Amino acid sequence: MSATTTIRLAAGSDNQALTASLFIAVVILTVGITFWASRQNHSTADYYAAGRSFTGPQNGLAVAGDYMSAASFLGISGAIALSGYDGFLYSIGFLVAWLVALLLVAELLRNSGRFTMADQLAYRMRQTPVRTAAATSTVVVSIFYLLAQMVGAGALVTLLLGVTSEGAKNWVIVGVGLLMIFYVTVGGMKGTTWVQIVKAVLLMAGTILITFLVLLHFHFNISEMLGSAVEKTGKPNFLDPGLKYGVSTTSKIDFVSLSLALVLGTAGLPHILIRFYTVPTAKTARTSVLWAIGLIGFFYLMTLVLGFGAAALLNTGPDSAVAKSTGNLASPLLAEEVGGGAGSFGGAVLLAFIAAVAFATILAVVAGLTLTSASSVAHDIYANVIKKGKATEKQEINVARGAAFGIGFIAIMLAIPAQKLNIAFLVALAFAVAASANLPSLIMNLFWRRFNTRGAVWSIYGGLISSVGLVVFSPVVSGKVNPVTGESASLFGLGTDFHWFPLDNPGIVSIPIGFLLGYLGTITSRDTTSEDRFDELEVRALTGAGSEKAIVH
Amino acid sequence: MTEPVTRHGEPPSAERHALYQELHASADFHDLRKRYRSFAIPWTVAFLAWYLLYVVCSNWATGFMSTDLVGNINVALVFGLLQFLSTFVIAWMYSRHANKQLDPIAARLDETYIRESGNQEGVR
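Sequence order for the protein chains is G and R. If you read the first sequence in the working numbering, its first letter stands for residue 1, the second for the next number, and so on. If you read the second sequence in the working numbering, its first letter stands for residue 1, the second for the next number, and so on.
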């Protein structure tokens with residue numbers, strides 16, 4: 001980040017003190033919630049699924065909170081501020097995706113699983129291979145997502161607190177990592193969910209406030225705001241599709257690929273899926289998705305106002321603070337602007353508030369992701385693969401806590417070098433892996449009697465390897481040159497070029513591979529044992545007969 | 001505390017297996033599955049097709065999408081907002097369908113399961 005940006009943001013030390021105290025307030029609040037929630041963690045069902053005792057609206061807020069990550073909040077409004085209409089395309093894919101979760105996945109999974117994504121497959125497949133495969137893809141998807149959030153935290157915190165040295169940035173990442181380990185080991189699912197609910201309320205409140213102030217500025221006339229955005233940016237096509245993705249046929253196909261990953265990825269994200277186990281029945285799982293759709297839809301409509309509002313009110317030119325942060329600072333700076341502008345008291349308060357909300361968002365989402373990975377390691381790998389189901393609940397919870405430490409440590413170690421990577425890219429990659437490795441086997445397991453262990457294992461590993469592998473050989477990793485600056489736009493510098501896959505987004509190839517390998521694996525195997533329990537799975541998924549019930553304390 | 005089926009993947013007791021088979025063969029269950037699938041599958045195809053149409057138009061029908069409708073509000077923006085609207089409407093329709101058409105049958109089958117599998121199963 002440039003020195004001028006830092007100076008501008010850190011203009012007054014009073015502002016920094018205000019921001020810092022709000023950040024500390026967020027930390028104290030979430031730590032308090034975690035201690036409070038930890039009192040009820042006795043059994044595995046408490047630790048992994050909060051005793052299945054949340055109501056539909058509560059879980060809906062938590063689901064929405066998990067989904068409205070830093071990438072959504074800062075990323076989408078920033079993308080709109082910089083790329084105009086093409087930024088809006090993201091939010092549409094992210095929202096429509098919820099219909100897949102609502103119609104095909106949420107209720108059936110709630111009825112047929114227990115704690116993890118793998119449970120539903122393991123219901124009728126051989127335990128060791130499917131649990132190992134599903135746990136692997138759970139951890140991979142969650143770590144990509146986790147890295148995106150931690151890199152975002154590093155950038156946001158260091159920038160808003162006026163810290164510039166690399167060492168200080170790394171310490172912020174370490175601090176976020178330690179906090180998330182604390183939430184997960186102490187609070188379990190209950191603590192993590194309450195942190196998520198509180199954050200979702202704060203985020204909605206903050207966004208509503210800024211949206212209202214932006215609309216007030218334009219006399220509640222959307223057309224006027226859009227017109228000002230075109231004028232201020234000096235881009236006549238700002239409101240039309242194609243500014244970012246319409247450059248060439250390759251970029252258009254890349255956009256189709258991205259769209260597929262967005263719309264099919266949500267229902268395969270492990271940290272979203274395990275939220276459906278925190279409610280007592282399939283009906284409450286449905287209610288939580290409905291609440292989530294309402295909240296997320298409303299939120300994305302507001303980010304539309306924030307994005308175009310930022311384009312209309314802030315400097316978004318190539319040398320601006322917004323552009324240099326690849327859009328991530330559009331919302332916080334817009335808050336400062338509508339609060340009275342830089343240097344004013346109102347501007348400072350709103351900037352600090354929105355920054356603190358973004359920080360709370362990151363903390364809550366990283367906690368949810370770490371819990372998901374730790375649950376899968378403890379429940380799938382330790383309890384079922386290694387101990388063959390003979391572990392006690394106490395042992396299992398201890399392993400989950402240990403796994404949270406391990407995953408937290410790995411995430412910290414990976415996030416420090418990953419600071420060079422684009423946040424939106426990491427999130428899009430997590431969606432692509434989820435859509436390729438997780439969704440095909442979940443859907444085929446519920447709707448295809450013949451589907452068997454080999455099909456599930458091929459589908460998961462095939463989707464996982466093809467999506468990650470194609471990215472390794474894509475322009476994201478090597479061989480892309482920024483046409484304006486002539487610098488490398490890839491992970492590797494100029495001179496290293498081993499890319500042969502033309503697209504940034506692998507979904508258009510890897511999602512069909514996931515489905516195809518599920519089909520081929522199934523038909524080439526003579527294993528029919530999984531068919532025996534398909535009737536059972538179907539009855540249980542659709543009626544809830546024999547499904548896991550809530551824990552009464 | 002919890003049943004061993006999902007936990008260890010061991011085959012369930014013969015009686016429970018028979019009970020699930022019995023429920024699966026019932027007219028109620030066939031009705032439930034038909035009602036669920038006849039909503040979920042066509043509507044999934046429909047909203048995916050509608051979404052892909054939007055993606056394709058954003059890519060290859062930019063002239064049409066850039067047409068101004070009212071003031072600075074163009075077809076692309078309205079089309080995008082219609083995706084929001086259709087998502088809300090389909091979610092609402094599904095919830096109504098599930099509450100009225102699916103839940104009563106599912107509850108009936110679940111009650112049968114609880115009754116016939118004995119108290120320890122249902123209460124747990």
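In short, the hints are calculated from the structure, not lab data. Fair warning: this is a prediction, and the values are worked out from it, not measured in the lab. We treat Cβ as the ideally placed atom computed from N, Cα and C, and that holds for glycine. Please note that a few of the clues may not be correct.
[Stated by the list, open to error] Using C-beta positions, here's what the derived DEER-type ranges look like:
id : chain 1 : residue 1 : chain 2 : residue 2 : range
1  : G       : Thr55     : R       : Asp68     : 43 to 49 Å
2  : R       : Phe64     : G       : Thr528    : 21 to 27 Å
3  : R       : Arg96     : G       : His42     : 52 to 58 Å
4  : R       : Phe64     : G       : Asn482    : 30 to 36 Å
5  : R       : Gln101    : G       : Thr496    : 55 to 61 Å
6  : G       : Ile253    : R       : Ser66     : 55 to 61 Å
7  : G       : Phe409    : R       : Arg96     : 45 to 51 Å
8  : R       : Leu52     : G       : Thr524    : 28 to 34 Å
Could you check the structure against the hints above and give me the numbers of any it violates, in ascending order?
-> 2, 3 and 6
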